[in-house]
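A.B. asks: What follows is each chain in one-letter form.
Number of protein chains: 2
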Amino acid sequence: MSITGNSMSNPYSSVSDLLSNVRNFKIIECNATMLSEFGCDYIELTNPAASPQSRDDCEAICKLGLKAKILTHTRCTLEDAKLACDCGVDGVDVVIGTSQFLREHSLGGKDMVAITKQAIEVIEYIKSRGCEVRFSSEDSFRSDLVDLLSIYRAVNNVGVGRVGVADTVGCASPRQVYDLVRTLRGCVSTDIEVHFHDDTGCAVANSFTALEAGATHVDTSVLGIGERNGICPLGALMARMMPTSRDYILSKYKLHQLKAIEDFVAEAVEINVPFNNPITGFCAFTHKAGIHAKAILNSPSTYEILKPEDFGLSSVHFTSRLTGWNAIKSRVDQLGLDANSWPEDKIREVTAKIKQIADLKVMTLDETDALIRSFHLDLQKGHG
Amino acid sequence: MSITGNSMSNPYSSVSDLLSNVRNFKIIECNATMLSEFGCDYIELTNPAASPQSRDDCEAICKLGLKAKILTHTRCTLEDAKLACDCGVDGVDVVIGTSQFLREHSLGGKDMVAITKQAIEVIEYIKSRGCEVRFSSEDSFRSDLVDLLSIYRAVNNVGVGRVGVADTVGCASPRQVYDLVRTLRGCVSTDIEVHFHDDTGCAVANSFTALEAGATHVDTSVLGIGERNGICPLGALMARMMPTSRDYILSKYKLHQLKAIEDFVAEAVEINVPFNNPITGFCAFTHKAGIHAKAILNSPSTYEILKPEDFGLSSVHFTSRLTGWNAIKSRVDQLGLDANSWPEDKIREVTAKIKQIADLKVMTLDETDALIRSFHLDLQKGHG
Chain A
14 MSITGNSMSN PYSSVSDLLS NVRNFKIIEC NATMLSEFGC DYIELTNPAA SPQSRDDCEA
74 ICKLGLKAKI LTHTRCTLED AKLACDCGVD GVDVVIGTSQ FLREHSLGGK DMVAITKQAI
134 EVIEYIKSRG CEVRFSSEDS FRSDLVDLLS IYRAVNNVGV GRVGVADTVG CASPRQVYDL
194 VRTLRGCVST DIEVHFHDDT GCAVANSFTA LEAGATHVDT SVLGIGERNG ICPLGALMAR
254 MMPTSRDYIL SKYKLHQLKA IEDFVAEAVE INVPFNNPIT GFCAFTHKAG IHAKAILNSP
314 STYEILKPED FGLSSVHFTS RLTGWNAIKS RVDQLGLDAN SWPEDKIREV TAKIKQIADL
374 KVMTLDETDA LIRSFHLDLQ KGHG
Chain B
14 MSITGNSMSN PYSSVSDLLS NVRNFKIIEC NATMLSEFGC DYIELTNPAA SPQSRDDCEA
74 ICKLGLKAKI LTHTRCTLED AKLACDCGVD GVDVVIGTSQ FLREHSLGGK DMVAITKQAI
134 EVIEYIKSRG CEVRFSSEDS FRSDLVDLLS IYRAVNNVGV GRVGVADTVG CASPRQVYDL
194 VRTLRGCVST DIEVHFHDDT GCAVANSFTA LEAGATHVDT SVLGIGERNG ICPLGALMAR
254 MMPTSRDYIL SKYKLHQLKA IEDFVAEAVE INVPFNNPIT GFCAFTHKAG IHAKAILNSP
314 STYEILKPED FGLSSVHFTS RLTGWNAIKS RVDQLGLDAN SWPEDKIREV TAKIKQIADL
374 KVMTLDETDA LIRSFHLDLQ KGHG
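Chains as they are written, first to last, in the numbering used here: chain A, 14 to 397; chain B, 14 to 397.
One chain only, chain A, in its complex shape (with noise of 0.2 Å):
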């Protein structure tokens, strides 16, 4: 039986679909070397015309001859391309913005003509030295569909890697995402590629809904760190993906280092692995409530569609005030004092000492093993 128990009865899965690329889609990591070992597909630098520091950098990375593909971000001008391709990148990832908004606040009001015009030359010079160049839009989701789609087309026809769609602003939703994916699936032959922010919560979920509608590449980088509140992650799109498509994430991403790499981000950048993280928080494989506890301890896939020991982890179960005989019961024949010997009563008994004194504080697991075998000693003396 499948872990996730997600394709028996389930009425949603049964259905396939020959355009969703959910098991089968590249990853784009913005973050970190470590990531090439990890099996992303590509890592995207900081445009190396930011900085002096970013063009070395930049640079000391090309030549670390990585399994993973090194790309960079640009404008899309030939200023940043040239550079990019001075460095040594595999691709160039450039990007313009489409909105009404960004045209005018950050364009300077250009039309959609001369922005077709500028992304085809720079397209043109970057398939020219020899490099991939994928080409996105900006803010895609508050652009005119008509003109996305028409930028979108031109840059397809003159044989661009990948198209890009990206809320830049974290506004959309997932079916927003699922139309216009499924729209542009229709009008380019290309790879698509999606960048989704998270100011409203939606990132992991729009990237996944946009691998339903045929999108084949996915912009993470780890812990979700970015502009704002970040992008999608790349654990929790990995807790996503887990669920649908075990097989293809366990044969290509190394998910026992994913613990590893997002310490080693944290630190480097100074914050806390969020308490509530997929698969890494330190509650992530926490069971409090008694009914939960009940049936994990009887078969971990009712409350768990991830695998703990699949990222190198395990499940830790709290002795709360919401903890029910049940899970006592099972922890009495864990510690191998055989509960069936036990009346009934006495686990009750247990169980409701161990409720009050939980009422009162955090208990550890020793604390309440303690009291299981203080109970198992009365009986054994007869005082039950």
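Hints may be right or wrong, so weigh each one.
Identical copies look the same in the list; a pair holds intra-copy or inter-copy alike.
With a straight-line Cα cutoff of 30 Å, these simulated BS3-like cross-link-like pairs (lysine-lysine) come out [as the list claims (entries may be wrong)]:
id : residue 1 : residue 2
1  : K95       : K359
2  : K82       : K95
3  : K123      : K76
The set of hints was computed from the structure by calculation and includes no laboratory data. The structure displayed is predicted, hence computed values, not measured ones.
We have chain A; now place chain B onto it with these hints.
C.D. replies: Then chain B, alone, in the frame of chain A:
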């Protein structure tokens, strides 16, 4: 002009939808009494049967006379329901496992006929006590669709107040959510409550999509705190709804209190507010990249779909090596140093100097400002 700009030239928001409740929904909050004041419609407490403290808490909170209605979440048994009603709650939210997994591992192999009979008995009891009653299935997305619709229809027919859809394991994706809630909307006339766990990072997106499909009530908790990595966070849901239903949210919820509520809860349970928390995370409104900072200074709505002031907060602009000269030029003006009187070369020179220093160390705004002022002094002395 709307700050979000979402309604302008956006091909996705122009089609109205009679079933969608994104502009008219209710929140069921599972944490803390401050939330009544914030504007939450319901506060859902731990099952009073869980422990003596849980029972005492429930009775005490019921006596506070809050504006929000007090609910408790219990197993679907007469025993739990009776205790809940005795505590003085306004309503009881009962839940029972309907998936094959839970029926086998949590309910000892009960079939759907027995579960339905039990549900009806409990619902009728709670109604007879004059309380609201919600019936929810558990692990709804791994339950058989026909079983689900049958039991929802049965409880609808005996006059349940709300039916609940729960993604107990966090496996659902937005399109699954839309399909199930939309289908359910056609089968029952009651309100529909949704409850999403965040194991795969989709809780916020799923809640939003459920509202689009006709759900009426959303379960949240402060910072998403709940089993494993939690449920839909209250703050993130606010962030998600603001671009869609700004007027409704502002009229109903005291958003300025959000940060204080989150800080209070974080301190109480000894966690840190995640760095990337929507709205209140320390970098939620920070802008580093040059092209972002430039546009933000021209018009915040270019990269901010949420107005920090709506939440009693403000934007933060780091000075980093990614700073662009447009941002520096704006800063010159903000300091009252008339950027137009500067030769463009001088602006570019100070920008290059700032980028160079920011490669070496984190620069505060004070340091940046001091550097700008020193260049201004040079100009005045004719050293430029």
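A.B. asks: Each hint needs a verdict: does it hold in this structure or not?
C.D. replies: Here is what the structure says about each hint:
no.: 1; hint: K95 to K359; result: between (77 Å within a copy, 25 Å between copies)
no.: 2; hint: K82 to K95; result: within (18 Å within a copy, 63 Å between copies)
no.: 3; hint: K123 to K76; result: neither (37 Å within a copy, 63 Å between copies)
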